[in-house]
Each structure stands twice: as C-alpha cells, then as structure tokens.
Amino acid sequence: MGIKGFARSAVLLGMFFSTFAFADKANDTLVYASDSEPENISPYHNDLREGVVLARLAWDNLVYRDPDTGEYKPMLATAWKQVDDSTLDFDIRQGVKFQDGTPLTADDVVFTLNYVVAPDSKVVTVQNVSWIGSAEKLGDFKVRLHMKKPFPPALEYLSNAVPIFPKAYFEKVGLAGYSKQPIGTGPYKVVSVVAGEGVTLVRNDDYFKDSPQGMPHIKNLQFKVIPDAETRTAELMTGAVDWIWRVAPDQAEQLKQMPNLSVVSGGTMRIGFLILDARGTSSENSPMKNLKVRQAINYAINREGLASQLVGGESKPLQVACYPAQFGCDPSVATVYNYDPAKAKALLKEAGYPDGFETEIFAYRDRDYVEAIIGNLRAVGIKANLRYLKYAALRDQQRGGHVPISFQAWGSFSILDTSASAGTWFKGNPDDNIKDPQVQGWLQTADNALDPEVRKANYRKALQRISEQAYWTPLFNYSLNYAYNHDLQFKPYPDELPRFVLSRWN
Amino acid sequence: MLGFLLRRLGIALCVAVTVSLISFSLLHLSGDLATAIGGPEASSEQIEQIRVQYGLDKPLATQYVNWLGDVLRLDLGNSFFFQESVYNLIASRLPITLSLGAMALVVALVVAIPLGVLAAVKRDTWIDRLALSIAVLGQAMPSFWFALMLIVLFAVTLHWLPVSGNATWAHFVMPAIALGYYATPAIMRLTRAGMLDVLASDYIRTARAKGLRPGRVLFKHALRNALIPVVAVAAVEFGFMLGGSVVIETVFSLQGIGQLAWDAIARNDFPVVQAVVLLIALIYIVLTLLADLLNAVLDPRIRVR
Amino acid sequence: MSTPATLAINDYLPPPSGLGRRLRHCFGHRGFALGAGLLLLIIIGAVCAPLLAPHDPYAQDVMQRMKPPVWMAKGTWQYPLGTDKLGRDYLSRLLFGARISLFIGLAAAVISGLIGTVLGLLAGYFGGKVDALISYLITTRLAMPVVMVALASASLMGGSLNVVIVLLGCLLWDRFAVVVRAAVQQIRDAEYVAAAQALGCTTPRILFSEILPNLVGALIVVATLEMAHAILLESALSFLGVGVQPPTPSWGLMIAEGKPYMFFSPWVIAIPGVALMLLVLAINLLGDGIRDLILPDGRN
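Chains as they are written, first to last, in the numbering used here: chain A, 1 to 506; chain L, 507 to 811; chain D, 812 to 1111.
Check before you lean on any hint, since a few could be wrong.
[What the hints assert, rightly or not] The calculated lysine-lysine pairs, modelled on BS3-like cross-linking and capped at a C-alpha distance of 30 Å, are:
(1) Lys122/A to Lys564/L
(2) Lys878/D to Lys383/A
(3) Lys73/A to Lys137/A
(4) Lys97/A to Lys219/A
(5) Lys461/A to Lys316/A
(6) Lys137/A to Lys149/A
(7) Lys316/A to Lys878/D
(8) Lys256/A to Lys885/D
(9) Lys289/A to Lys316/A
(10) Lys256/A to Lys878/D
(11) Lys289/A to Lys383/A
(12) Lys81/A to Lys148/A
(13) Lys435/A to Lys345/A
(14) Lys180/A to Lys209/A
(15) Lys461/A to Lys289/A
Honestly, the hints are just simulated from the structure, not real lab data.
Using the sequences and the hints, build the whole thing.
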C-alpha cells in the first residue's frame, strides 16, 4: 500500500516537470469536464450523471434505445422474447469481446443480473434493478431473465441502466479492484481512474462492428473533474478543455460571443423540485406537516420566472412529479399552483403562521436557483436558510429524514417511464421521505401491470394525490447548455446523455 | 544545548498529541460514525456489526488510544467515500500541496526580501513607503479574490498561464502568487528591521570605514546577517501556507491535500479531515521546532531562557 | 496565516508612557490618517446604510438583472453600482454588507480579545505552572491550521453569522495571549504593582485595575490585526459557502455569487473585492499607525 502511494507521488512529481500538451483535434483527444465525480466508477455503485456517461462509454447494455427514434434495437442481445408476464429470454450476441480480450457469453450476463440484485453487492442504483428477480443460463448464448413481478418497462431499463460486467475478471479483482480498473465491452476502454482528477479512456478498436451506435471516432477521451464552474469555463475559453455542460444561461449567452466555441442548448428530462417534509421527520413541530403550508409554498414559487429567467433555454415550468414525456406522466392531473404570493400568505395565516416561520432549505446544486426560491419564500414570510452540501452528504441527510425542504434535481436515468421518476421517489424506497401508503400502492400497481391503460390510470391517481397533498413543489424541467470547441461535432439529446461515441472532429 | 533540544522535542510531541485529540473529537462531533460507514442501505444489524468491527462500540477514550496507535503505525484508516486508504490519498496529494507551498514561499521571498532591503536602504523616503504599501496590500487582499483576478487577467485575457490542474510548473504560478503574496508583509518587515539593525552595527561601520564599496557591504555583509531571522520565519510561514492553501486549491482546482480536506469535509469523510489536520499540524510543529533550533544555534541567549 | 508568536512579542510591546500626549501627532501620521479616514467612511456607510441605500438590499427584480455600474456604457444612476444576477441593487447590498463585515470583525476581536487577554494576564502574572500550561495552549492553538479547522467546524455546525463569530472568536485569541503575557511579565515587578500588593490589593484587582490599563495600547493594536484577520477569514468562509448564508449581503458571499460573471462582467467581483480590500487596508493602516505613534521606536 505504502509503496504504491509513494510510487504515485513520484509519478506526480515527474509530471510536475513534464510539459503539458493542450488536448484537441490535433492530437485526437477530447477532454470533457464536469463538476462531480462518481464515488465509484462501477455503474451500479454511483447514481451520478457523470457515472451514467462513463457507463455508456465503457460498457454496453443488452438492448439499445435509438436516441432519435426511441426504437429498441439489439445490442449485446441480438433478440429477445417475452415468455410470459414476468419472463424474458435473450439471445446473446456472439463474437463480442470484453476489453481484456475475453469473449462475452451467457455466463457474464447471468452473473451480472444475479450480482446486481444480491444484497451483498451494495448496489446504489437500487431503483434500476429492483425489478429483476434472477437470471438463468439456458445455453452458451441464451439467457432467461425472471422478474420479481410483471414489469412492463423492462426493456427501457435494460437499454439504459443494466450494463454487463465480465464475470471472470470481476470475480478475480472484486468491486474494489474493478472500481480502479474496470473492464466492459463498450466503445471506450478505461485507462485510468484517479480520485479527484478524472478518468482517461482510449478508443476500443476491437469494438463489435454491428453495434447499433456504430464505431467510435475520436481516439482519446479524457474526463476531467473540475468542481468549480468558472474554472471549467476558463479552461474551455483557454482551450485546455474541449467540452463542458451545465453552463448557466447567462454564461451560455456570453460564451456564444467567443469565435472558437459553439454553444447549444436543449431541454432535458431532468426536473427540478422541492421535497417538503410532509411526515415531519425533520422536527416534531415541522410546519411542513401542515397541508396548507405545503400548498402555500407551492403558490409562493414563481415557476415561470425561474424557468424563463434563470434556467432559460428550453426550460418549462412544471406542476407534476414526473417528466411529461415519460410514459404515464399526465400533467393534466396535477393541481395547478399558479404564482400567487397573496394566496400563499393567506394559506400560511390559515395554517397558523401569520408571520411565517423560519426553516432550512437543503441543496447540492444550482445555488442561484435556490436563492431565487429563497427570495420567493421570503416574500411570503418564510425565512428559509440555505444548507448547501455535496450530493452524497445531502442524500444521507435526506434519507435520514433530517431535511425540512430540499431542492432536488432528477434525470430519471434517462428512462422514459414514470416508474423512474415518481416511482423512485414515492414507492417506499430509501429516497421516499413521504411514505404515503396510498401512493405507494398505486405506484406498485402501475409499475407492474401489463395493461398500459391500467398503468396510466394508476400513475394518474398517484400523481394526482402527490399534487393535491403538495408533497413536492415541482418546479421546472432543466434546459442544458453545452459549450464546446467549435472543431467538435456534437448533438445534444433530451435524455441528457452526451454521446461522445457519435462525436467527431470537423 | 541537549537539554534545550530535549525539552523542545518533548513539548512538540505533547502538542502533536493534543492536536490529534482535538481532531479526533472533531470526528466524533459528526454524529454516529457507524451509520455513516454503513450508508443509507444498511440495516440496524449491519450497523451494529460495523460498530463492533471498527471498534466504535468501545468507550471514546479506548477508541482514541487505538486510533493513536494506528496513526503511529502510519495506518490512518480508510476513506468513507473513496475506495482507498487515507494514507494513499494523502500520499498522492501531498506532493502537490508541498510544491504549491514551496513555490508560494519562493514568491514571498522574492518579493519581500528585495523590498525589505530597498526600504531599509532608502529608509523614510517615498521608496520605503511604497515598498511598505506593496507589502501591506498583499495582506489586505482576500487571497481567493486575488486568485480570481489573476485568472481573469493572466489565463482568460492574456492566455499566458493555464487555469487549473497540476500538470506542469506553469500550473502552479498563479496559485503560488496568490498564496505567497499574503506572507510578504511579515517577511518584508523583518528584512527591513534586520537590515536597519545590521546597517547600524559596528562591523558594518567598520567595513564602510575600511572603504569597501557600498554594494559589497550591503550584499556580502549586511544582507547575510539580516536574513538569518528571515530564514526561521520563512520556515514557519511555510507551515501557515500549507494550512491556508485549502482556499487557493479550491479556486484553482488543484488536487492537493487542501482540496482533499475540503471535499472530505463536504462529504462527512472524517477520517480524511482528521488526518489532514493532524498532518498539517505536524508539519507546522516540525518547522517551528527547526526554526527555534536555528535561532538557538545563532543566538545563544535563547538557550538560557 | 498569522504572524508567528516570536515576532509578535517584540513588535507589540506596550508603550513606555501614556498615549494621550502623543494623540495630537496622530493626524500628522499619514498611514494613520488615511486608515482612520477610510475606516470612518466605511463605518458611516454601514451605520447609515438604511438611509443611504437607494434600494432594499434583499429586493429581487428579475427584469433588472446584471445592470452594469454607472460608469459603464449602459449604466444608470438608478443603480449606481449596477445590480446582481437576481436584480438586487449592488450599492445597497454593498452598504449592508459593510455592516456584516464590521460586525463580524468587531465581535470576533472582542471575543478573542477577552479569551486571549485573560489567558495572557494569568500566564504573565502567575508565571510558573500556570504560565507553562497557557503557553502550551498557545503553542497548540498555533499548530492547528485555522482555515481548515474553521471550514470543518463551520460545515459541521452549519454556517451562519453567529457560528462564524463564535468560531473566529475562539480561534484568533493566540496573539492577544502572547502579547499580554509578555507585557505583564515586564510590568509585574514594576513599582506601582509592588505598591498595590503591599497595600493588600487582591490579585484580580491588581490585574484589572493596575496592569490592564497599561496594556490598552498594545491591545488596540492586536485588536486591529485580528479584526482584519477575522474579516478576511469570514469572507473566505462565505466564499466557500460555509460562512454567512444567502441572502445576507456578505462581501465574501457577493464575490462567490458574482463569480459566474467574472469573465464578461468583472466588475461584479471587483466591487465587493475592492471593498473588502479597502476595509482591511484601513484597519491595518490604523493599527500600524497606532503602533508607530505609541511606540515611536518599535519598528526599528
């Protein structure tokens, strides 16, 4: 251990005296920067967007969802068949190799599916795999997947959030070893993972030819963790980084003026919302227990102003606890809370808080949106003090039930199904702070029913109650601004997944 | 001399233990550690198991003694967040902070010593006051703000220097200036005072009387003597810089121990915080000890006290 | 980040005589005059903020976001220093922000002054074991990295105005203790103290009515230093998000909030930054001036 540490120190000292090459088209290296780093690069052991991006670069799923048409296409599985309500059979593609050269077989798929549902695996993305019961090997290239219950959106999950691990390698190195040197079948191979700095990847030239996403173009990819937004912007402006995202609208406008940069924006599935501690676990006398207070908060927020002035771009105000393009997400069932500070004040008065109250609002991102929300709340008499934490810390606080109000953002893991949004936050999982049994029941039914109409009806009931009870204050969907080197070809998708595999230099 | 040395060493050791006690208490202010390690998924039995496994069920005093024992064997425990031992994390980040501290010290000395000499030689003229103003300005500017201004000017506007990271020495220039400027006034004043003392002393007067050239007197004789206390103070300033580098490392996204500690603070990763605080304190203690010894060697009067 | 103890002892010895008769020279001292004038201006701005501020510092107006200051092409007198990203008047926030900085500086200096002075008095007067213990405390305190401990504690306790004040007060007492201890050691054997002892005065009485008044000059000098130090630390804490929380208009927080705009509208961070710098400069100049005036030969 110690020797390794010192070896690394020596390497770092060496780097100190080496020369620094700017990454760009000339040396076929795309450097992309983002704010957070996954605590563990294994796609099942982090729930960060940066982790999802890496998961798509180094790993493949069984199924591919075409980002342009929404059609499911064969990926690691060449064909699949619904055997019964809760059983799916897959033909595994032959001739696919993991990046260490071992061929992909049914064993790897079976291992992965069984591994992720085993409690010892400590999977973080529970909501993505909890529907899986078990997997069994039917032949060298044939796998049967048993679901716990009928789960209609199975393919949606399999095409987004269930990457396949190499059995032999993973069993050899274990999770700790795998997190430092992961192996997948994906179009890019992870070269190194350095905590606090980022991940270096190189094109997998042995990537399977028939992949629906095609062969990667750019040779080297480098993911740099730069927590500070202005540092990222400055790095882009000076050419040390080629691609950044989550650029605030004002800065996007300004970057558009720069001749060597391109800026695009696209609406995304990511929704912003406040979770209100309706059960009152944060403190015994939490005003959030009072429905009128929660409604008042909903009326106090200027969603239109937030969406158009602060988030900007394609952002739209939101009243429902899911993203409207998701299956089962019907915005019309939601109670419409229009911006009405007077009504909010009246409701607070009825609730017994004529002079408002003091509380805390927790957040881990978008500080200026939160400040605007604090301003809105202040205007009706609610003095919300900001507690700004890192994501993992906030998640622990939230799951521990210590949070009266939190500002959250949720991208549904790019899954176009309400089970991935409302289903994640209200179905009794660790993230469900509300624990409304009625809502939980409807969501259970909706997630598992085979009849699309039954699913829709139950989602509608759940969403309606969430809205009536004002458990959340849904705010807006995000618009994402990307800024990048104008030598790069890049197309944004609403699922908020930059597809560097499809990118190339001009 | 030996007695003095032993006494100072003893005190240094006690201080180190006290600091470790304080940083340990810091850890236990953060709430139930077992729950933090187990993570949100852990059941209460699992948490109990962790509590036993990590020795968290024992009385605090026992835990502290155990922890101290581990620390003495260079085992700083494991990070709650990264899949890595704290020792490895620190070993990989320390060179960056040390490089930054060293370069910042160079910046401070390069600015402060010439200014101090100039101020002493041109005592009570406008040059003296100007030199003092430049130094005082360094103490008045918030270092993070100065750092931002440097980025705007030298990286974004002029494209002279890279913004963030630690790939080459050029990456350290701006952070070192931002960090080093703050230490300038102390060193500058000390140089000035030292120079004035030496210039007024008998042997310089003798040297001058012997007809040595003024430049030679200044640099060969006066400066050398005036700088002795500066060396001692510079060592201590270096210790302060390591502690203060956290803000600068954050601004420049430098992955040193300061940034490591700051990230760890935000993630409740307290084994890391505790280890970094202890490490910086230790470095400071060693440096002050060295400075004291240096002073003692140079100035026998101190030993008697 | 503070000056080491060994320096402080020699630098801030108490005055050999009362400072009253030197006061008339004060405004002849350029640094003192400049510092005092500047500080007075800032204090007036802070105290009269409700009268001087053209707008409510908390009032948001999304239609008036990021207006440039008056001296720039599109600036208007409606917002002399422009507006921030939420459309709040920058001048008003700056004026109210002065209150925060001054209050934190003053409060932290008072708390740390109390702690440090008491410890220094005890150590200096009693000597022996008490002195050894307190010196040990001082050494330990100096070995702890202030910024990091402040960050960790503020983040643990949750940043707020009160937390910042208490924290800084508890962290910055070392220089007071060092200076008072050294000064008391010198005064202890002076004739008037011996006389007081002979008259049967109690120890606390001797400490507070005989010794302390002689330290006032030195204490003021140290207080200015620590006040400046506290103001800078608060700004750093707020800048990193664990100090004073929004929407309170702290200058450090204003820099943090203006940071996204620094490449294209540098005035957003330049204004609060310059304000901080002037305030700290004023306090430092004042401190230096007082020291020069009460210790004419101290610097050399």
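Evaluated hints:
| no. | hint | result |
| --- | --- | --- |
| 1 | Lys122/A to Lys564/L | 27 Å, holds |
| 2 | Lys878/D to Lys383/A | 27 Å, holds |
| 3 | Lys73/A to Lys137/A | 22 Å, holds |
| 4 | Lys97/A to Lys219/A | 19 Å, holds |
| 5 | Lys461/A to Lys316/A | 23 Å, holds |
| 6 | Lys137/A to Lys149/A | 20 Å, holds |
| 7 | Lys316/A to Lys878/D | 25 Å, holds |
| 8 | Lys256/A to Lys885/D | 20 Å, holds |
| 9 | Lys289/A to Lys316/A | 29 Å, holds |
| 10 | Lys256/A to Lys878/D | 20 Å, holds |
| 11 | Lys289/A to Lys383/A | 17 Å, holds |
| 12 | Lys81/A to Lys148/A | 17 Å, holds |
| 13 | Lys435/A to Lys345/A | 28 Å, holds |
| 14 | Lys180/A to Lys209/A | 27 Å, holds |
| 15 | Lys461/A to Lys289/A | 22 Å, holds |
The structure fails none of the hints (numbered hints given earlier).
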